[in-house]
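**Student:** Let chain A serve as the given structure and place chain B on it in line with the hints.
Protein chains: 2
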Amino acid sequence: MFDSIIIGAGPAGISASLYLKRANKNVLVLYYGLSELEKAHQIDNYYGFEKGITGKDLYLAGINQAKNLEIPVKNEEVLNIVMNENFYYNVVTENETYEAKTIILATGNKRLKPNIPGIKEYDGKGISYCAICDGFFYRKKKVAVLGNSRYALEEAAELSNVTSDVYILTDGKELEGESSFTVIDKEIQAITGEDRVRAVLFTDGTSFSLDGLFVAEGIAGGANFAKKLGIYMEGDKIVADDGMATNVPGIYVCGNLAGGLLQVNKAVYEGAVAGLSAVKYINEKR
Amino acid sequence: MFDSIIIGAGPAGISASLYLKRANKNVLVLYYGLSELEKAHQIDNYYGFEKGITGKDLYLAGINQAKNLEIPVKNEEVLNIVMNENFYYNVVTENETYEAKTIILATGNKRLKPNIPGIKEYDGKGISYCAICDGFFYRKKKVAVLGNSRYALEEAAELSNVTSDVYILTDGKELEGESSFTVIDKEIQAITGEDRVRAVLFTDGTSFSLDGLFVAEGIAGGANFAKKLGIYMEGDKIVADDGMATNVPGIYVCGNLAGGLLQVNKAVYEGAVAGLSAVKYINEKR
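Note that the protein sequences, when read in sequence, are chains A and B. Numbering-wise, my numbering puts 28 at position 28 of the first sequence, and it's gapless, one number per residue. Numbering-wise, my numbering puts 18 at position 18 of the second sequence, and it's gapless, one number per residue.
Here chain A stands alone, though its shape is the one from the complex (with noise of 0.2 Å):
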């Protein structure tokens, strides 16, 4: 059982779990592709570095930093996350399940919008991010999952608690793991429909016709597990009070995640009030 586990290991991420690290709270930060601090070429704006410090650098510092103070930073894949009976909360990864007391969602906010015709117009009509959220209304019916990620197949493993003919698509590229699902690997041109979405067209000119599309690109972020959890949203940022909690207890936000001025002191402030503020939800609840 970890007191918090941070999702997201860039300024936010880190930052939260100096703070807990240092109130002796038994923290994991688990990350998993790129961070948006990576692309930044040269930053000259932080304070404290002479002659500033290129984003790759920052945040393999920051990571280092954090593992210098004995914390755990593990290179995992987040699938899933879930209040279990306990009000604490599972993590499910890759590899395993880990339980906490606490949650701090810091993994930015990039999110793959796939750049297919069809795919925006069809937003809420036929066209879904989220599984668990809008699974409910495609009882029986028939849906496809488009991604070639684990994050795409633990959608479809959640869509087939509501229909059993479920499929993946996955635009052309290789899926990643092993399926127990139907797999099309066709390259998709466009997505059709009259008011909700009827079919997706190849380009191989074949078609296939479905009743609901679930996109997974990609790897899950922290906005598709603020949906599943229920924490309250305004378009793609997570909305938090000036401690950084959420409107779900024991779960915070903080970094890009959480809008605002998309800067290196703002995500590291914004952690450092995050961890202070789990610190202080750990030790109530105790």
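Think of the hints as simulated: they come from the structure by calculation, not from any bench. Some clues are possibly wrong.
It does not matter which identical chain is meant; a pair holds if it fits inside one copy or across any two.
Said to hold, decoys possible - Simulated crosslink set (DSSO-like; lysine-lysine; CA at most 27 Å straight-line):
#1 Lys21 <-> Lys56
#2 Lys280 <-> Lys140
#3 Lys67 <-> Lys51
#4 Lys51 <-> Lys25
#5 Lys67 <-> Lys39
**Tutor:** Same frame as chain A, but now just chain B:
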């Protein structure tokens, strides 16, 4: 004419300067005396330093970071800040007077309160910390300034506008600079009085009667300037809005002087916010 003058070269002040400079604004940083940061031996919880960093190293790195971006950072004592006839600000230092469109107060919040018996009891009852605020109540009365710095001389000069009976009490220290006022350099034992201050007792057994004592030990801090400028405060913290703007147009605050978490990351973030707000103000006023 500067677009912005920042008082203080700690994390808050330097961070603000980086954002003004990036927006191509003409900015000057003035600092004097030791920073609160310099006292911190080892800082492990500021993001980005693998092995942590000492307060002094971080402080010096910040000043060099600004200088490397060609931001002038001058070690010069600020004695006074006044609004001028153009609704800009004159910043009076020991050497010269600078004019600026905006001011960012980032002095930190240390304040030297002398540990003299009676000084707390008579606070507001003949003991004052601001000549321009309270001098009016001592018209034609006998007053003294407690202090030996240039700031003390500045306070005495301010008082000379309302009364000709102005003394300087150095409490045994040597006066820094030259004074046209009568200087008493005896060591002080206590402040006495009845309802209000009546006299200062010296360790040699003698005493000095007076109506008011203006404390001006050490250097002037942000709180001193704030009071003179009519900036709204709560206790010794300056009140600011979300953009770190004070109630006085063009004056911003950031870091410990604004209260809240006394952490480097908070000061750095607020510096960024104050800097960006100042940029916006300068652009709109143009």
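**Student:** All hints, please: hold or fail.
**Tutor:** Cross-check of the supplied hints:
no., hint, result
1, Lys21 <-> Lys56, "both (24 Å within a copy, 24 Å between copies)"
2, Lys280 <-> Lys140, "neither (45 Å within a copy, 56 Å between copies)"
3, Lys67 <-> Lys51, "both (25 Å within a copy, 10 Å between copies)"
4, Lys51 <-> Lys25, "between (34 Å within a copy, 20 Å between copies)"
5, Lys67 <-> Lys39, "both (22 Å within a copy, 26 Å between copies)"
This entry does not satisfy hint 2, going by the numbered hints stated previously; all others are met.
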